[in-house]
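Hey, can you work out the whole structure from these sequences and the hints?
There are 2 protein chains.
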Amino acid sequence: MTITITAFERSPDGGKGLARDTRVRWALEEVGQPYQVRLVSFRAMKEPAHLALHPFGQIPTYEEGDLALFETGAIVFHIAERHAGLLPDDANARARAITWMFAALNTVEPPILELATAMLLEGDKPWHAERLPLVKDRVRGRLNPLSVRLGDADWLDGAFSAGDLLMVSVLLRLRSSGILDEYKNLAAYVARGEARPAYKRAFDAQLAVNTGKPSPG
Amino acid sequence: MTITITAFERSPDGGKGLARDTRVRWALEEVGQPYQVRLVSFRAMKEPAHLALHPFGQIPTYEEGDLALFETGAIVFHIAERHAGLLPDDANARARAITWMFAALNTVEPPILELATAMLLEGDKPWHAERLPLVKDRVRGRLNPLSVRLGDADWLDGAFSAGDLLMVSVLLRLRSSGILDEYKNLAAYVARGEARPAYKRAFDAQLAVNTGKPSPG
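Chains as they are written, first to last, in full-length UniProt numbering: chain X, 1 to 217; chain U, 1 to 217.
I should point out that these hints are in silico values taken from the structure, not numbers from a laboratory.
Be aware that a few hints might be false.
The list makes no distinction among identical chains, and a pair is therefore deemed to hold if it is satisfied within one copy or across any two copies.
Once the Cα atoms are required to be at most 27 angstroms apart in a straight line, the calculated DSSO-like pairs of lysine-lysine come out as [as the list claims (entries may be wrong)]:
no.	residue 1	residue 2
1	125	184
2	125	136
3	46	136
4	184	46
In this text, all values refer to a predicted model and were calculated from it rather than measured experimentally.
Dropping the structure here:
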């Protein structure tokens, strides 16, 4: 059955790979599943046809036969559950990899989203300069223990998993802030993620959409 | 095998049920699994023994035989995957219920966490009064489409699921703000969750810890 995902017609990041379709593309590339992409404009995302797929009017969505999903974490999990390559076989190791998926999205990403909001939506507010260090410290409040736990390991728990895929994707959003570079092992962890051939293919595919050039794949 | 979770020795909310152990207690009550609770102090949460279980130094954790998990969403999912009552049998319906789990934690909860942060950590800042309406509007930006999608249904997608358990838990944090009452169907949805016998047992158990009185169960 054909897999179809949605992505921005033009990503707000201009092709830096930070839009959430990159996470889904990466998962599909890791497990070797081909997929089609339907591009949606900002206007179309808020229209009934798209809202029927995604109640919050966002991307990505995932369609396969009569199954329609939204929410990046759930889509990545669905792919990981059905195809080998993103979750370990051992039951306990699998449960721990899923734990890191949720940790990436519900413990590490919220303060990073708050930092993005402070920059994008409150950058012109009178409190911005004084408040920004507080927000950055809340991000460090998550990165400190994450850095301790990772230590000098390559990945968070044994082999690369969907937990690493999401954690690297979440941390990538920090690069422009400079905070990631305060943690050598986390910066190297993110670089390891970006060096994976599947990530590169996913990145190139989303870049091709945003530059209008065909993907080399 | 005995299931052991951790909870606050004294919850910051004084027993309102907003600490995350309530979510795990609720899931265990829904599927009828007995569990033990190990209470941890704020100091003990940041010590090596607890950090080995939970790298971010929080509660709850989940131990069962040689499996140790952290992160509420992952624990609720683990319980839902192993015991009947929180995920539908049909594969597509199951994937959609999991989608709502992630939507609760990664789409709806982040702005609610930001509102909690604004109240708890920035309530004394000079920008608080002017900034608060912006933060509340970002919460409404999620509740508006959620309210539309729920409509007059009892639960988000068919029968009650782990997706509803997490969504109700996330929305409960909004009650003191008054925002929940702006959405009649969401307020009724949360009340339906609270009326479930399993929720009541979970709530009473966490309350007993915080009042020092034994649970009626």
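Against the structure, the hints:
1. For the identical chains of this complex, residue 125 and residue 184 are neighbours neither inside a copy (32 angstroms) nor across copies (33 angstroms), given an alpha-carbon limit of 27 angstroms.
2. Taking the shortest Cα distances, residue 125 and residue 136 sit within 27 angstroms of each other both inside one copy (17 angstroms) and across copies (16 angstroms).
3. When the C-alpha separation of residue 46 and residue 136 is checked against a cutoff of 27 angstroms, the pair qualifies only between copies, where the shortest distance is 21 angstroms, while the shortest distance within a copy is 32 angstroms.
4. Proximity of residue 184 to residue 46 under the C-alpha cut-off of 27 angstroms is restricted to the inter-copy arrangement: shortest distance 23 angstroms between copies versus 41 angstroms within a copy.
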